[in-house]
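Taking the hints into account, I'd like the entire structure generated from these sequences.
For the record, the sequence lines run as chains C and V. For any residue, its number in the numbering used here is found by taking its place in the first sequence, counting from 1, and adding 1. For any residue, its number in the numbering used here is found by taking its place in the second sequence, counting from 1, and adding 93.
None of these hints come from the bench; they were simulated from the model. We treat Cβ as the ideally placed atom computed from N, Cα and C, and that holds for glycine. Just so you know, not all the hints are guaranteed correct.
Per the computed footprint, the stretches of chain C lying under chain V, defined by three or more beta-carbons under 8 Å from a beta-carbon of chain V, are [to be verified]:
1) 80 to 90
2) 127 to 133
3) 186 to 194
Residue strings, one per chain:
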Amino acid sequence: MNKGMKYGIGLALVGLIGYNSVYLRPLSEVRAAGALGKFDPARYAETFWTNKLLPTGAERAVELSSLLAQLKTDKNKAFDAHAHALGIGNIRYFLVKGEGVVSTVGETDVTVQLTTGATARLATEYIYSNAARDASGLIQITEFSNTADLNSVAAELNDIIRKRVVPGLRSDAKPGRKIRFVGAVELNRAHLRVGELSVIPIQVF
Amino acid sequence: MIWLLLLLASCTGKTDTDQPKKMAVIVSTLNNPWFVVLAEGAAAEAKRLGYEAKIFDSQNNPALEADHFENAIVSGFGAILLNPTDSEGSIVNVAKAKEAGVPVFCMDREVNASDVATSQILSDNYSGCVAIGEYFVQTMNRRGSYVEILGMVGDNNTWNRSKGFHSVVDRYPGLKMVAQQSGDFDRNKAMDVLESILQAHPDIDAVFCGNDAMALGAYQALVSAGKVQIVKVFGFDGADDVMTSIRDRKIRATGLQSPQTMAKTAAQFADQWLNGKRDFAQRIPVAVELITQANIADYETPDKP
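Printed below as a string of structure tokens:
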């Protein structure tokens, strides 16, 4: 084999190895692939809201009047039976339902006189807590590896409520009008106050 | 080095039933009462569960923390309850313990990794400050100018608190933040920072501080400037001094953390791990309670560890 042929074969081998060693892909494709594994809180919240919370909320919720009575007679039993929270500590959340008559429509809430005589304030302005995320007990803490995702899901659910629930509640709520609702309530197990009960609305009928 | 440690650990008879069961409590500093409560609470719960417990003080020094980890591993401690010195710098120490088969349960401060600690039990700083933000908006009637005094800028808790607060307050265009500066979680630094800001912005309506020590410093600056009746101060922590100030109608609100709950939970999780449980959530938020002048009466007797 002459020198030229050897060099030729050598160059071809180097070229072949070089060609197969380097792959070029568009940056957009790489970014899209990376994004696939990233948690999407808006998508998670939408799926949870549509497929889990709305279809089962009314069935899972405890009657608000019944809950208030239980809290008076046996607070711990009521919390054990109906409260949920992704974290630990005194702040717990209840999924509740009720019906009554709108008594006042305020700037930040709608007050409902329940058929049993108690009152509930359906929030229309201050919708910020983890109540909608935690109250049903359908989301598990083990689904999340970082707290930022957890916080984002709560924020996304609150946004859904602001956009889809509150406008209808504000426009339909008139004093004297009958109303049924499913909502989420935050209560402190160790320092219980039920006098000014604020309900984050989830469904209003 | 780690193999040598592993060898030594295996020679110490960690599983030897003659040896007392031990938990190590490694805390960032004992030069701060809050962390003393955390460390002593963890040790007390470990003892209650039947373990020998030893507290190691890292003195805010990651190198010293690394030494404590090596000691704990070779001395046959079954689990480590950790309050890290540094969210990034402590990762390597936690990883060493994991390699040696010793589970680590973080308390209050997290490490920025999700695959080294067995579980991290953390104050829900974000949600606590969401609650403070909501109360802030209501108290300010959605209008006014305010100052934010941040904690240490390299601390995760600083930004979780700030983000939670702003996730609410920034939705109200009538509320204007005129200055945002770090007070390093320090009372005197916060006082100096606010005194300086008041020179440029004498007409502020409120101050939100990333911890209670800074809230007290800010309040002192407002006393000196004769503005305590005008400017509302909000803190975070639930420190006894600030709880008293809220009761005395000086400071408006704070977020009450529970170091006792974090400490007890960490020790209980470690006990569960040593008894065979393995499925722990990576991060567990511990609720922070909003304390205001309206509900302070509910908290007349502070919880003790």
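Against the structure, the hints:
1. Only residues whose beta carbon comes within less than 8 Å of a beta carbon in chain V count, and the region 80 to 90 of chain C has 5; three or more means the coverage holds.
2. Counting residues of the region 127 to 133 of chain C whose CB falls under 8 Å from any CB of chain V gives 4; the rule of at least 3 is met.
3. With 3 residues having a Cβ less than 8 Å from any Cβ of chain V, the region 186 to 194 of chain C passes the three-residue criterion, so the hint holds.
No hint from the list above goes unmet by this structure.
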